[in-house]
Amino acid sequence: MNAIIQCQQLAKRFGSKTVLQQLSFELHQGDVAALIGPNGAGKTTLFSILCGYLPPDSGSARIFGHKAGSSALFGKVAALPQDAQFDPAFSIGEQLDFYGRLQGLSSKAAREESKRVLALVELTEQLQHKAGALSHGMRKRAAIAQAFIGTPQLVLLDEPTAGLDPVNALHIRQLISRLSGEVSFMISSHNIFELEQLCNKVLYLENGQLKQHSSSDNAAQLQYLTLHLEQDNNDAISAALRQLPGLIDLHSAQRRELVLSYNPQHNADFDLAVLQCLAANGWRYRNLTKGQTLEQKLFNPA
Amino acid sequence: MALFITTLKHCGLYAGFELRRLWLTRRGLMTLAATAVLWFFLLRYAIAPASDLIGSEGFQQMFRDAFGAFGLSQLFAWPAPELAIYWILSLMLLPLLCLFFTANQLCSDLERGTLRLLALRSSRLSIVLGRFSGQMLVQSCLILLSLVATLSLAAWREGGLSLAMLNAAAVIAVNLLLVLLPFTALMSCFSAMVRSSRLAVSLAIVSLGLVFVLLSSFVFYFPDFLFLLGYMPGTQVMQLLPMQGWQTLQYALLPLLQTLVLLSSATFLLTRKAL
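So the protein sequences, as listed, match chains A and B. Position 43 (the first sequence) corresponds to 43 in the numbering used here; numbering is contiguous. Converting from the second sequence to the numbering used here requires adding 302 to each position, the first position being numbered 1.
Hints are computed from structural coordinates only; laboratory data are not their basis. Be aware that one or more of the hints could be misleading.
[Unchecked claim] Okay, derived cross-link-like pairs now, BS3-like style, lysine-lysine, Cα gap no bigger than 30 Å in a straight line:
#1 A/K108 to B/K575
#2 B/K311 to A/K115
#3 A/K130 to B/K311
#4 A/K108 to B/K311
#5 B/K575 to A/K67
#6 A/K290 to B/K311
#7 A/K76 to B/K575
Input sequences plus hints: build the corresponding full structure.
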């Protein structure tokens, strides 16, 4: 499979503080990768290196086989950099036109492209407005729009929905989801729910090191069910569920949430058995989800 | 080759965008208004009265006696006294004004993060050269406007425009742009270093002053190195003052080389800078 991002032994220091340590990973065509980590973990530094804004101290970062930031990547790699703002002197449309022209579009094509990308983030009516006249959320959406000018093959999004209202955050998630077949994404966010919905690969950074590097894998011997009850979990429920054939472990992640691990080879209809057990005892449930949440995988591994 | 063509194309786009900033944005129009006001006062209270004075035979004789040895009496050879005064004033004033006008080539974009959006689409060399070209175009517009005003004043006093006047105006415009080239490139360097245009201006003034003082002290102890002072930006201004006509272009090489060195430094600084 073609690697679109190849990072080898990437390291970066700012003064005496080591921000990235010997980071190595690969992303492949069509991947939607989540970059997760606590504040100061090195996510934005990694993004900056991938965008060519910062040189690494050692190691290499290659995108589509070219050094990060290389002119061969102009138009192929797009990004939503953290806190990057438009020029307040010009309208959003003029600036998007200009970016389109820099990407090689004709004047007319650039104007059409500006309209298209603004429509993607539902900002068509703001074409003539200056950045200063837009709300924070609108400016963020306009900044996301610039990342979709032309036909980028890789889009790096640093906190794409931070500061957006729920409806617009949903629109952005839908947009990423819709484009994810043709475009590869790398998304940094603190919103685990969002990343869980969008991403098939997780890079978990902590203190500049890659702690986990995982892909969705449904073929594992061990599978999970996450059960949300309508009532608080109690010993009777746990005891009943422990009797089910195939169960390996059960733990309560929250007051009304249970995570059950089981072996599908021992009981292929384990989920059905759980529902029958609940129904037989008159215990009501809110939802039953296959697998663990990303939050559980990262921070509360069974 | 393709990279070279793309760089040129991007430079053109950046330069065009800076021209739009001058003519189509509020800040640009304020710059135009400030220039118009400045030149109105210079024309009304300096150039117009001084032209009448220069035109008088008595003053010319006195001036020749006092400054003839410095070659300044050549000023009377300009086809219109207004152009002579414009030549002196602009040669002395514009380099200093240039430091202020062109200080914000990159600072604001660095501070806002707009450069991150641009750097995804064009090389840092294109950004430096494009912004520099844009500033030169903007200054060309301002020089042309002020020259047209001066020519109008001369034409009104003389009762018409002559070919010699137009030729002299072209000489002035070309020379002024040559003088401004290294100063604009110097501000490219400083604006690539800091995130505030005020700081860039302060740094430029302090650096120029400091280099001049250090070089002067050095030359005081080692007079053989006097020629080094001649490499400071703008040193050819004093040699240009008593000159006129296209022979002034004999001093064009130094500012062109200075510009080349300074633009290379600006590109190097921006390439090394974390955006």
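Now for the hints, and whether the structure bears them out:
no., hint, in the structure
1, A/K108 to B/K575, "violated (34 Å)"
2, B/K311 to A/K115, "holds (23 Å)"
3, A/K130 to B/K311, "holds (26 Å)"
4, A/K108 to B/K311, "holds (17 Å)"
5, B/K575 to A/K67, "holds (17 Å)"
6, A/K290 to B/K311, "violated (54 Å)"
7, A/K76 to B/K575, "holds (23 Å)"
Hints 1, 6 from the list above are not met by this structure, while the remaining hints are.
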